[in-house]
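Peer 1: Chain residues, written in single-letter form:
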Amino acid sequence: MRHTISVLVENKFGVLARIAGLFSARGYNITSLAVSETLDSAISYMTIVVEAEDEKILEQIKKQLNKLIDVITVTDFTKKEHVERELILAKVNYSSKDKSKLESLLNKYVAKIIKHKTDTAIIEAVGEREQIRQLLEGLRQFGVKELIRTGKIAMTSQ
Amino acid sequence: MTGAEILIESLKREGVEVMFGYPGGSVLPIFDKLYDAKLKFILTRHEQAAAHAADGYARATGKVGVCLATSGPGATNLTTGIANAYMDSIPIVAITGQVKTFLIGNDAFQEADITGVTRSITKHNYLVKDTKDLARIVREAFYIASTGRPGPVLIDIPVDVQQKDIEFIWPEEVEIRGYNPTCFGHPGQIKKAAKFISQSKKPIMYVGGGIITSGAHRQLKALAEKIKAPVTMTLMGLGGFPGTHPLCLGMLGMHGTAYANHAIMEADLIIAVGARFDDRVTGRLDTFAPHAKVVHIDIDPTSISKNVRVDVPIVGDAKNILGKLLEEIQKAPDTSDWLKTIDSWKKKYPLKYEEKGKIKPQYVIEQIYEITKGDAIITTEVGQNQMWACQWYKYTHPRTFISSGGLGTMGFGFPAAMGAKIGCPDKTVFDIAGDGSIQMNIQELATCVCNKIHVKVAILNNGYLGMVRQWQEIFYKKRYSFTTLYNPDFVKLAESYGAAGIRVNKKEEVRPAIKKAISTDNAVFIDFHIEPEENVYPMVPAGEAINRMIGGMA
Numbered sequence: 714m715r716h717t718i719s720v721l722v723e724n725k726f727g728v729l730a731r732i733a734g735l736f737s738a739r740g741y742n743i744t745s746l747a748v749s750e751t752l753d754s755a756i757s758y759m760t761i762v763v764e765a766e767d768e769k770i771l772e773q774i775k776k777q778l779n780k781l782i783d784v785i786t787v788t789d790f791t792k793k794e795h796v797e798r799e800l801i802l803a804k805v806n807y808s809s810k811d812k813s814k815l816e817s818l819l820n821k822y823v824a825k826i827i828k829h830k831t832d833t834a835i836i837e838a839v840g841e842r843e844q845i846r847q848l849l850e851g852l853r854q855f856g857v858k859e860l861i862r863t864g865k866i867a868m869t870s871q
Numbered sequence: 016m017t018g019a020e021i022l023i024e025s026l027k028r029e030g031v032e033v034m035f036g037y038p039g040g041s042v043l044p045i046f047d048k049l050y051d052a053k054l055k056f057i058l059t060r061h062e063q064a065a066a067h068a069a070d071g072y073a074r075a076t077g078k079v080g081v082c083l084a085t086s087g088p089g090a091t092n093l094t095t096g097i098a099n100a101y102m103d104s105i106p107i108v109a110i111t112g113q114v115k116t117f118l119i120g121n122d123a124f125q126e127a128d129i130t131g132v133t134r135s136i137t138k139h140n141y142l143v144k145d146t147k148d149l150a151r152i153v154r155e156a157f158y159i160a161s162t163g164r165p166g167p168v169l170i171d172i173p174v175d176v177q178q179k180d181i182e183f184i185w186p187e188e189v190e191i192r193g194y195n196p197t198c199f200g201h202p203g204q205i206k207k208a209a210k211f212i213s214q215s216k217k218p219i220m221y222v223g224g225g226i227i228t229s230g231a232h233r234q235l236k237a238l239a240e241k242i243k244a245p246v247t248m249t250l251m252g253l254g255g256f257p258g259t260h261p262l263c264l265g266m267l268g269m270h271g272t273a274y275a276n277h278a279i280m281e282a283d284l285i286i287a288v289g290a291r292f293d294d295r296v297t298g299r300l301d302t303f304a305p306h307a308k309v310v311h312i313d314i315d316p317t318s319i320s321k322n323v324r325v326d327v328p329i330v331g332d333a334k335n336i337l338g339k340l341l342e343e344i345q346k347a348p349d350t351s352d353w354l355k356t357i358d359s360w361k362k363k364y365p366l367k368y369e370e371k372g373k374i375k376p377q378y379v380i381e382q383i384y385e386i387t388k389g390d391a392i393i394t395t396e397v398g399q400n401q402m403w404a405c406q407w408y409k410y411t412h413p414r415t416f417i418s419s420g421g422l423g424t425m426g427f428g429f430p431a432a433m434g435a436k437i438g439c440p441d442k443t444v445f446d447i448a449g450d451g452s453i454q455m456n457i458q459e460l461a462t463c464v465c466n467k468i469h470v471k472v473a474i475l476n477n478g479y480l481g482m483v484r485q486w487q488e489i490f491y492k493k494r495y496s497f498t499t500l501y502n503p504d505f506v507k508l509a510e511s512y513g514a515a516g517i518r519v520n521k522k523e524e525v526r527p528a529i530k531k532a533i534s535t536d537n538a539v540f541i542d543f544h545i546e547p548e549e550n551v552y553p554m555v556p557a558g559e560a561i562n563r564m565i566g567g568m569a
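Protein chains in written order, with my numbering: chain A, 714 to 871; chain B, 16 to 569.
With the rest of the complex left out, here is chain B (with noise of 0.2 Å):
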């Protein structure tokens, strides 16, 4: 077999059902090869948004996610999906083609050396210099994205490898000596965990993307419910707790939810799982939960004492080290002034939003959800519109919910949404974009429509780039450098490309508009035209302890 056809049969072998790209001079074989081999290819209008795809396509599915770029400038439009995989890890892997290997290092054309510009943005990538090795690298990128802390891995293959013709060999084990994620957590820390829980008094679990990626829902239901504790989510972690549940206190953070930063800010224990005291969740460090112990369980031993000092470090996979404490706990703590206490703080300082002037965007969101009956995919882009899709739709199932965490890339929820509804056909998929973010991967309406990819977007149209004009506001003092748009008519633009376009201007054409997209068989924007200079509130300042939250909150 070729390079290419190797490549390809080792795809199949690892499952791979689909996969995003766009052609190239440095692809030419793997192209060939792919114009009649039995494997899914989603031709996207740009290689960003075919990383992102494959990104929400693993985020949807929980598979790995695969991508195929070319040499040079198609690998470094990669770059940004693949950093954005690598910050929220998230297995894909990306595959490049790279000009022949006598030409490597001579600024040949489209020559970039994509392995040395991924380094610090992949789990670990590979520059193929034989045929021999490419079904063996394929196996163990495989394994090494989707395995222990997932992530991207990078393959490159340089023109001529991809040509060459040599006898398949597909190794049956994957071995790298040099790679053994710890799973199954220390019994002594996860008994030591046991008894700080059960001497608590005021508990709460802080719970990450971890949660997700691990499948550990429902052993984080069963323990929460068992100890009687409060459950607040990173965003990442959103759908890892049902968002309806009596427990669950919504997101935490620069923009979480007033009474989740109260109760852990006054919390006695905390037990974070799957997360990583990211400066969004913790605000001002030295003044973060200074009353409580903490117990650490994440997979990854670099994120465990990173940012704050921690108790009991246990490192594993949540799903196991969860079961295994809920073994462990004999005697529940007694909470019940705890949820009191919590329970007062949800009535004093609820999430509210003012119903007056034009169409609020948190209405735009609760009608989604309520219409939706909260079982719709959600992605958003990033910004204001991420934040009020973490506060006004409620989560209730692992992977409905996708955005963008560590690296907050605009652009990201169009074709995260693509990918996620490539995997879940049934359902039904929205991006809560801005007006501002869509634009940053607005020519995939094409790749929408030609593959009947049928996803809703909803713009929240505010004429500006919300987020950072909300910070001007408060802190540049309303200096509005840069923010302002000018933007397309939405609607002409989607019916343009052979998608459809709703605008609303009116409150009550909300709901009617969102049904109408939801029934219409095609990829639809809804541009909701929205008042302006709309703030998300609560928020804590950059810098600021986390229970400093300012907007009509304490």
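The following block holds chain A by itself, in its conformation from the complex (with noise of 0.2 Å):
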């Protein structure tokens, strides 16, 4: 099951190696990863996704991350209300005759072409997991030649 949980750490060096060995530690690959900077300088919010197959060993990371010092807070959005988006820059093909075919399927969506050259257009989108992957299941029609995403980030409705 992919668990998003959200980390609350000191913003110091070394922080990040420390949470990345407690997974890896354990032989478990972090799906995507987000940290940035916070309101205040100094802590870090990190939206860790990752894909856990056994309940019992995610329950002990979560708990070890807890006992890490430079850890503040977890919160698990497993089982809490919250939102998420990512975002995204796809470079695909691109032609004039396809422009208004292109634009129909991006007004579906929260996407927009940013950058376009003769053969290629750079398009950004932001959106929810599922949104991403039918904008991505859409665009193939066009080819997509590069792909980046930001990671998910996530936040608590409360």
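Because the hints were derived from the structure by calculation, they are not lab data. Predicted model only: the values in this text are computed from it and were never measured. Where is the CB? At the ideal position from N, CA and C, for every residue including glycine. Some clues are possibly wrong.
[To be verified] For lysine to any residue, the following SDA-like pairs were computed, each having C-alpha atoms within a straight-line distance of at most 25 Å:
hint, chain 1, residue 1, chain 2, residue 2
1, A, LYS769, A, GLU750
2, B, LYS144, A, LYS804
3, A, LYS725, B, THR116
[Unchecked claim] Per label pair, the in silico range of CB-to-CB distance:
hint, chain 1, residue 1, chain 2, residue 2, range
4, A, LYS769, B, LYS492, 26 to 32 Å
5, B, ALA123, A, LEU860, 37 to 43 Å
6, B, LYS531, A, GLY727, 52 to 58 Å
7, A, VAL857, B, LYS144, 41 to 47 Å
8, B, LYS207, A, GLN773, 20 to 26 Å
Using the hints, put the two chains back together into the complex; each one sits in its own frame.
Peer 2: In structure tokens, the structure reads:
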């Protein structure tokens, strides 16, 4: 099962390595990871997405995250009301004859062309996992040459 | 003050009386200040021994042990000792020198990324990049090492940080927002535990190192006596409950007593305190204690529900929680039938050994127990010597049994004995060793002689790496692959360092040799030539249920 976990940490060198180490030591791959400063520059916010086949091990990892001295709080969004977003940049094949077709696809999503050359366009899109998946599906007909995703960020609704 | 002076002043303010270590290029500024600092420094002959000595000192005294080494190889040599302290939750602060800040990451001479290397074997670690942070970091390091579930903390200090001269400011308070160990157990959970205890018919207390760390031995004894429950200990828990007490079942697990293992398998309630259901204790997990509800008291939430299902988890300090439980329990359970059953197991399956052939190691340990009247501090190496020391010496006080539990580090016992002796100079300190293990830190004879650390080492010399040989005998058709040892003459070797050596070949020489060692005003090696193929029994094969013991037991 896919879990989204947020970790509030001290904004110091070495903290990311400590956190990543807890996952890697158990053979867990982090699906995505987004880190940045919060309003308080001494604190960073990490959103970690991880695929866990054994819930018991994940429970153990969460407890161990909490045990790290530099970790302030740990939140598992799996059972919490929350919003989540991801931003992608996709470079697709583009020719002027496709323009209207592409634009009508993009209009269904929070997506737009942010740069285009004669044969390619760079598309920016923001959305939940499922919306991003559908958009990428739709873009396949044009030919996606390159794709970069930020990884998910999440926030509780309370 | 320079960084080096700030370090020493901060250590003094933390109450440090002694440090163990080894000099080198990246700690020269610190050693220069140590030259006239009023702080006892013990020069070991290997950094690993410095870490183990700090660990032994911490275990014997309950204070934080401190070790110091240079960058690169000095630091990496500490790592086994650090990992050892981490696995057994022992508070030590390890200080390492580091190359100058502008050289870090440049593959400089004697550079190792020691904070990276020790990340998974320390409770926390620091690389000090600015001298102004040093006093605060030392303060935090001691606080983190000694509170909650204790553990090792490493401080890595680059040479230029040691040299820089700044104003010394001692932080009066420690404030770490991400670190707030839970000490007081949840009152609702304690009530629930009390109810479970009152309703149980076959309770057992299963206690570990947490009893000793928290100083909960009195509360434990009072509770066991109040609810009339038998007590079994992990290796780390030995000394937490008197080995001479009628309710004591000794150690459980792979080489535990048969009656402790039968009791935990038949119990209807396990009250686990400061123990973590290690695989050497539970044996095959899916067969472990099938009828028992589990109350688990531990300061570390990650230890609870890690290996076994727990009915009543209580996070907090053992001493506090046992105290509260004592107040909470109104009605003691009726355990008279249960205690009768346990007594019958005690009679049927006592610990035993056959008195024939050469000197029996069990006999040697029994004699050390009798002659020291159980009042010595015993350290051990790892292997058969360690298991016999668990089985045949009755520990009656906390902090009198010092052994590498989680990591199982050969070479631990001798330097740990030095640390214990320095912390408790009035105690007789014995290291119960094997001929294999003792050679892993044998260079410390020099440290003992130079510093008049008069520890006594009982080498149970069987000419084998005995525990591995035992497994090869039982599970690998006696194919003794690389477990036969060629040994030096331990008596001459001890003497060449200026220590004393005694060789013992006959049973009747055992007691006089122990007495002579104790009365000798020197470090002493006693080389007991024991029955070479003596095995440790009972024994539960790895991966078996813990009541499936072999070796003349049920």
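Peer 1: If you test the structure against every hint from before, which numbers come out violated?
Peer 2: 1, 2 and 4
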